[in-house]
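J.: Sequence:
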Amino acid sequence: MEYLPPGFRFYPTEEELISFYLQHKLQGTRPQLDRVIPVVDIYDLEPSHLPQYSGEMCRGDPEQWFFFSARQEREARGGRPSRTTSFGYWKATGSPSFVRSSTNNQIIGMKKTMVFYSGRAPNGRKTNWKMNEYKQIIQPYSPNETPQVRVCMGLH
Numbered sequence: 001m002e003y004l005p006p007g008f009r010f011y012p013t014e015e016e017l018i019s020f021y022l023q024h025k026l027q028g029t030r031p032q033l034d035r036v037i038p039v040v041d042i043y044d045l046e047p048s049h050l051p052q053y054s055g056e057m058c059r060g061d062p063e064q065w066f067f068f069s070a071r072q073e074r075e076a077r078g079g080r081p082s083r084t085t086s087f088g089y090w091k092a093t094g095s096p097s098f099v100r101s102s103t104n105n106q107i108i109g110m111k112k113t114m115v116f117y118s119g120r121a122p123n124g125r126k127t128n129w130k131m132n133e134y135k136q137i138i139q140p141y142s143p144n145e146t147p148q149v150r151v152c153m154g155l156h
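Each residue of the sequence shown is one higher than the last, beginning at 1 in the UniProt record's numbering.
Because the hints were derived from the structure by calculation, they are not lab data.
Where hints are given, some of them may not hold.
Claimed, not checked - Taking lysine-lysine pairs in the DSBU-like style, the calculated list, with each CA pair at most 30 Å apart, reads: (1) Lys126 <-> Lys111; (2) Lys126 <-> Lys112; (3) Lys126 <-> Lys91; (4) Lys111 <-> Lys91; (5) Lys91 <-> Lys130; (6) Lys130 <-> Lys111; (7) Lys91 <-> Lys112.
Everything numeric in this text was worked out from a predicted model, so none of it was measured.
Taking the hints into account, I'd like the entire structure generated from these sequences.
T.: Structure representation (structure tokens):
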């Protein structure tokens with residue numbers, strides 16, 4: 001994407017992440033968006049390695065990167081998601097929040113904020129790595145209909 005002018009930054013809103021990027025990923029339309037937000041198993045990587053796997057629009061951005069990440073099998077069977085890596089674990093902080101449509105204020109998604117801890121729980125050491133995980137919520141909401149893919153924004 002060399003045609004972008006100097007100073008251009010890829011900073012989609014939460015609504016755009018869910019209603020455009022994640023929506024097209026879940027529907028299987030616009031496969032070229034994988035160049036912008038690639039599919040990465042973020043739980044196989046150390047957080048400091050995430051920037052090198054970011055999409056073309058985020059390469060060189062020192063602050064944030066975006067990835068599509070598949071739901072883990074454990075979660076797909078109804079269990080809690082495993083966010084453990086070989087280097088540590090991602091731990092949810094605070095309560096999840098809803099993302100609403102700017103046009104009709106309807107809930108379109110959910111955002112979970114996580115912090116990376118190096119080492120093993122419960123004795124891990126908190127790091128400066130953060131991640132926001134977004135999932136789409138289709139109305140009417142049913143907890144049994146969880147999307148197979150999430151969009152994650154890594155922050156440092």
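J.: For Lys126 and Lys111, compute the direct alpha-carbon distance and say whether it is at most 30 Å.
T.: Roughly 21 Å between the alpha carbons, so the hint for Lys126 and Lys111 holds.
J.: For the pair supplied as a hint, Lys91 and Lys130, is the alpha-carbon distance within the 30 Å limit?
T.: holds, 9 Å
J.: Can you confirm whether the C-alpha distance between Lys126 and Lys91 stays at or below 30 Å?
T.: Answer holds: Lys126 to Lys91 is near 9 Å, not above 30 Å.
J.: Lys91 and Lys112 were given as a pair; does the straight-line alpha-carbon distance stay at or below 30 Å?
T.: holds, 10 Å
J.: Take a quick look at whether Lys126 and Lys112 sit within 30 Å of each other, Cα to Cα.
T.: holds, 17 Å
J.: Between Lys130 and Lys111, is the straight-line Cα distance small enough, at 30 Å or below?
T.: Answer holds: Lys130 to Lys111 is near 13 Å, not above 30 Å.
J.: Is the straight-line distance between the alpha-carbon of Lys111 and that of Lys91 30 Å or less?
T.: Within the cut-off at roughly 14 Å; holds.
The earlier numbered hints are all upheld by this structure, with none contradicted.
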